[in-house]
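J.: Residues per chain are reported as follows:
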Amino acid sequence: MAPFVPILIMMGLAFAFVVLVTIVTFILGPKKPTPQKNAPYECGISEITPPQRRFPIKYLVTGMLFIIFDIEAASLVPMAVLMKRLGVTGLIELVTFIAILLVAFLYVWRKGAFTWE
Amino acid sequence: MDLASIVFLVLAAILVGSALAVVTLRNIVHAALFLVLVFGAAAGIYILLNAEFIAIVQILVYAGAVTILILFAIMLTQNPNSRGSNPMNRQALIAAFIAAALCAGIIFALSQNNAISAAASQAVTQNAGTAVAIGNLLYSPTSYSYVLPFEIATLVLLVAIVGAIVIGREED
Amino acid sequence: MAFTYAISGGDWARIAPELALLVAALLVMLVDALIPARLRGALVIIGVMGVLAALAGVIMLYASSGSPSAFGGMVTSDPLALFATLVILAATGLSLLLSPGYIERQGTRQQGEFYALVMLAATGMVLMAASTNLMMIFLGLELLSLPLYVLCAFAPGQQRAQESGMKYFLLSSFASGFLLYGMALIYGATGATNLGGINHFVATHAMSATAGFGPILLGGMALLAVGLAFKVSAIPFHAWTPDVYQGALTPVTALMSVGTKMAAFVALIRVFDVALAPVRADWQGIMWALAILTMVGGNILAATQTNVKRLLAYSSIAHAGYLLIGIALGTQAGIAALLYYMAAYAVMNVGAFGVVLALERVAGLGTNLDDYRGLASRRPALAAALAVFLFALAGIPGTAGFVAKYAIFAAAVTGGHAELTIIGVVASMIGFYYYLRVIWAMYFVPAPDMPAAEAANANPHLSLAGLNSAVVTKLAASGTPLAFSAGLALALALIGTLGLGIFPAPLISLARQAAGLP
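The listed protein sequences derive, respectively, from chains F, D and V.
Its first residue numbered 1, the first sequence is counted upward by one per residue in this note's numbering.
Its first residue numbered 118, the second sequence is counted upward by one per residue in this note's numbering.
Its first residue numbered 290, the third sequence is counted upward by one per residue in this note's numbering.
Rather than coming from a laboratory, the hints here were simulated on the basis of the structure.
What you are looking at is a predicted structure, and each value in this text was computed from that prediction instead of being measured.
Fair warning: there could be bad hints in the mix.
Rough simulated footprint, nothing fancy, chain D against chain V, three-plus residues with beta-carbon under 8 Å [claimed, not checked]:
#	region
1	361–368
2	395–407
3	423–437
Derived lysine to any residue pairs resembling SDA-like cross-links, with alpha carbons at most 25 Å apart [unchecked claim]:
#	chain 1	residue 1	chain 2	residue 2
4	F	Lys111	V	Val320
5	F	Lys84	F	Ile67
6	F	Lys111	V	Ala326
7	F	Lys31	F	Val19
8	F	Lys84	D	Leu254
9	F	Lys84	D	Gln243
10	F	Lys111	D	Thr271
11	F	Lys84	V	Asp300
12	F	Lys84	D	Thr194
13	F	Lys111	D	Ile284
14	F	Lys31	F	Val18
15	V	Lys456	D	Ala190
16	V	Lys456	F	Arg85
17	F	Lys111	F	Ile71
18	F	Lys111	F	Ile67
19	V	Lys456	F	Ile67
20	F	Lys111	D	Phe189
21	F	Lys111	V	Leu328
22	V	Lys456	V	Ala326
23	F	Lys84	D	Ala270
24	V	Lys456	D	Phe189
25	V	Lys456	D	Thr194
26	F	Lys84	D	Tyr263
27	V	Lys456	D	Met192
28	F	Lys84	D	Leu255
29	F	Lys111	V	Leu323
All C-beta atoms in this analysis are idealised placements derived from N, C-alpha and C, irrespective of residue type, glycine included.
Pulled out of the complex, with its shape left as it was, chain F reads as follows (with noise of 0.2 Å):
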C-alpha cells in the first residue's frame, strides 16, 4: 500500500483544486443578472425533430484508431519501465515496435483519416 500513498496523495490534491476552483469563481465572480441572460439559450424557430441523431460513421473509425494506439501504448509500459536494464537489446526491440506503428501511423495520416471533412 504504502508506495500509492504519493498517488492517493495526488488524487486528493487534485480534486482539492477542481473544488476549491468552482468555489472560489462562484464566491468571486461578479454577478449580474438580467432578464435577457435568465432566458434559456434560444436561436431560430424552436426544433421540429430532436436534436440528436444516429453519427455518422467517421467517428466509428476515430475510436477503432484511438483503441489501437491506445492497446500499442499500454503495451509499451512495460518496456518503458525496464528500458535501462535492457540497453541495446530493448531499444532494438523497442525501434522494431515503434517502426512498424510508424508505418501505420504514416498510412492513415496519407489516407485522410486524421483529417476531418
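Based on the hints, put chains D and V in the right spot on chain F.
T.: Then chains D and V, alone, in the frame of chain F:
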C-alpha cells in the same frame, strides 16, 4: 481493519453498485457510462492486488477506449435519447442462476486449500502483476523469450488499423 | 537480476521468409501512401518481389546447418516448416499474379490495401506453419485470419462480399475462441505452451484416467481439434466455406483455400501427430471420423452445386477430407503424403480458381455452370486449362492430383487403415461426377444465345463505353481478355499440375524429408 481492507470495501461497493446500474438503468447511454465506473473500480482492486500493469491497461483500454467504442456503436445504431433503450430482458433468471453457479465455483475453489489459491496468493506476494515483472517476462527472460510474440502482436494491430480504414471509410 | 540475452541475429535469420513477406507488406503500405492513385496497380510488383525474396530465404534455410529452432523454441525452420512455406509462397505468388486487372475490373479502388493485406496474411500463414509454441500458433492464426476477414469484404458495394466478410469474421472468431480455450486447457494440464514441453509432459505422465489431469487434457485436445478443423473446413465445421468462398474476390478465395489449409494442417501435424503422439489413442478416433465425414460429405454436397465457385468450395472441403487421412494415420508416411498432396492441391486449385477468375465479370456474374456452356468454342485455351485443373482435382493419372491421391491412399493401406482408402476411393468416384459435369458443359453443350440487351446489363462498363451491341454481345459472351500476369500465373499452375504429375519424385523426396523420413 487496515487501510487496504477499507479501500477494498469502498471499491467493491462502487463496483457492485455501478454494475447493478449497468443492467438496470433504462437509458443505454447511462448504462454505458456506469460501465466506466465498473472498469475504474476494477482497476482499483487490481492495484490492491499489486497488479498495477493490469490496472493501467484496465483504465487505458477498457475505461477509455472500449467504452468510447461502445458509446459510438450505440450512437451509430440508434437514437441515444430514447428512454427505454436498455429494456430489462427476460434472461434475468438464467443470468442469476449462472452468476450464482459462478460464485459457488469460486468460493469452492478458494475454500479448498489447494494449488490454485496457493498459486494466486503467491503471485500477489511476488508482485507478479507489476509492470516490471511483466516487462521481464515479455522482453528479456533468460531462456524463454516472448519478444517475437510481442512484435507479432504489433503486426496484428497493424492489420486492425488497415482493416478499420478499409471497412470504416465511406467510398469517396 | 542479470540477463543473458537469448535473442541474436541468428534467430532473425531463422524467420527470413516471414521477414521478407513482412517487409514487402510494409513497403506496399508506404509506397501506396506516397504515390498517386493511378499508379497503385504497380504495387503488385513489390508483392511478387517479396514472395521471391521469401523464396530465396527458404532456399538459404534449406542450405543452412545448425539447430532450426529460434527465439527460445517459439518458431522453427525445420524441413516441415520450409516445405509448408514453399506451398504457401506458391499460392501467394500465383494469387498475386492473378490479381491485376481482375480487382480493377471489380471496381476496387484500394489496391494498396489489397496487396498489403495479402502479404500480411501470407506472413501469418508462414508464421503459423513455423510455430512450435501454442501462443505462436494462435498469433499466426490471428495474423492470417484478420487480413482475410477484411479481404473477404473487399469488393465495394457488393452485398455478397459484405456477407462473406461478416460471416467469416463471426464464425472464425468463434472458432478462434474454441482454439484458445483448448490451448488454455492444454497449458493447464501440461504446464507448457511450447510443443516440446507438452510432448515431454505427456510422454512422461501416463495420461490415463487415473493421472488427474486426464479430463482437462482431453477437453483441451477436443477444443483445439474443433478450432483447427474449422480452419481447414472439415465437416461438420464447414458451413461457412461455400458462402465465404463465393462472396470473396477470387484471388482471395484461391489464397485462402490453399494457404490457410496448409498452415492449419502443419499446426495439426505439430500438435497432434508430434506433440500429442503419446496419447494418439485419445484423438485418433476424432480425426478418423472427421476425415470420413469430410470426404464423403464434401463430395456429395459438391455434386449438387450449380455455381462453379461454390462447387470448388465444396471440392476444397472434400480435399480437406483426403488430407485429414494423413493426420488420422499418425504415421510419418501419412504426413509425407499429406504434404505432397497439399503441394499438388496448391497448383491445381489456384489454377482452377484462376480460370474462374478470368471468366468472372462484375459482382460474381459469370460463375454459374450455365455460363460455362460452350466455353471450348469461345475460349479454347482457358477451357483446356480448366479441364486439366479439374482432371487433376478429380485425380486422373498423369496429373499431380493422381500422384497425391495415390500417395495418401497408399499410406492409409500401409498404415493399417484400409477402410479409409476404400471410403476415399468411393468418395473420389462421386468427385468425378461433378468435375466432369463442368468439363461436359464446356465441351459438349452449345453456348446459349445471349440477347444483346441482357449482355449489356451483365456488363455495364462496356455499354457505358459506347460500344455497339454486337461487340458487347461478343465481349460479354467471351469475357474480358486475359491480363499478362494472369496468363503467366495460369501457365505456371499448368506446368506445376502436369510437372508434379509426370515427375513427382523430387517433391516426394522433399515431402518425405519434411516428415522426417529418410
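J.: If a hint holds in the structure, say so; if it does not, say that too.
T.: Now for the hints, and whether the structure bears them out:
Chain D is given as covering the region 361–368 of chain V, and this holds because 4 residues of the stretch bring a CB closer than 8 Å to a CB of that chain, at least three being needed. Counting residues of the region 395–407 of chain V whose C-beta sits closer than 8 Å to any C-beta of chain D gives 5, which meets the bar of three, so the coverage hint holds. For a cut-off of 8 Å, the count of residues in the region 423–437 of chain V with a CB near a CB of chain D stands at 8, and the three-residue condition holds. With a C-alpha separation of about 12 Å, the suggested pairing of F/Lys111 with V/Val320 holds against the 25 Å cut-off.
Taking the CA atoms of F/Lys84 and F/Ile67, the gap is about 28 Å. The hint is violated against a cut of 25 Å. With a CA separation close to 11 Å, the supplied pair F/Lys111 and V/Ala326 stays within the 25 Å bound. For the given pair, F/Lys31 sits about 20 Å from F/Val19 by alpha-carbon distance, which is consistent with the 25 Å threshold. Simply put, F/Lys84 and D/Leu254 have alpha-carbon atoms about 16 Å apart, close enough for the 25 Å limit, and the pair holds.
The hinted pair formed by F/Lys84 and D/Gln243 meets the criterion: a straight-line CA distance of about 22 Å does not exceed 25 Å. A hinted pair counts as satisfied when its Cα atoms are at most 25 Å apart, and F/Lys111 with D/Thr271 qualifies at roughly 20 Å. Taking the CA atoms of F/Lys84 and V/Asp300, the gap is about 23 Å. The hint holds against a cut of 25 Å. As the CA atoms of F/Lys84 and D/Thr194 are separated by approximately 48 Å, the hinted pair breaks the 25 Å bound.
Between the alpha carbons of F/Lys111 and D/Ile284 the distance comes to roughly 13 Å, so the proposed pair stays at or under 25 Å and holds. Taking the CA atoms of F/Lys31 and F/Val18, the gap is about 21 Å. The hint holds against a cut of 25 Å. Using a Cα cut-off of 25 Å, the hinted pair V/Lys456 and D/Ala190 holds, with the two alpha carbons roughly 20 Å apart. For the suggested pair V/Lys456 and F/Arg85, the alpha carbons sit about 47 Å apart, so the restraint of at most 25 Å is broken.
Proximity of F/Lys111 to F/Ile71 is assessed by CA-CA distance (about 21 Å); at most 25 Å being required, the pair is judged to hold. At roughly 18 Å between alpha-carbon atoms, F/Lys111 and F/Ile67 fall within 25 Å of each other, so this suggested pair holds. A hinted pair counts as satisfied when its Cα atoms are at most 25 Å apart, and V/Lys456 with F/Ile67 qualifies at roughly 24 Å. Note on F/Lys111 and D/Phe189: the hinted pairing holds, with a Cα-Cα distance of about 22 Å set against a maximum of 25 Å.
Between the alpha carbons of F/Lys111 and V/Leu328 the distance comes to roughly 15 Å, so the proposed pair stays at or under 25 Å and holds. Pair hint V/Lys456 plus V/Ala326 does not hold up; C-alpha atoms about 31 Å apart against a cutoff of 25 Å. Proposed proximity of F/Lys84 and D/Ala270 is supported: the alpha carbons are some 23 Å apart, at most 25 Å. Between V/Lys456 and D/Phe189 the CA atoms are separated by roughly 23 Å; this keeps the pair inside 25 Å, and the hint holds.
Distance hint between V/Lys456 and D/Thr194 is fulfilled; the C-alpha atoms sit about 20 Å from each other, no more than 25 Å. For the given pair, F/Lys84 sits about 19 Å from D/Tyr263 by alpha-carbon distance, which is consistent with the 25 Å threshold. The straight-line distance between the Cα atoms of V/Lys456 and D/Met192 is roughly 24 Å, inside the 25 Å bound, and the hint therefore holds. As the CA atoms of F/Lys84 and D/Leu255 are separated by approximately 15 Å, the hinted pair is consistent with the 25 Å bound.
A C-alpha spacing of about 10 Å is found between F/Lys111 and V/Leu323, which places the hinted pair at or below 25 Å, so the restraint holds.
Hint violations for this structure: numbers 5, 12, 16, 22, all remaining hints satisfied.
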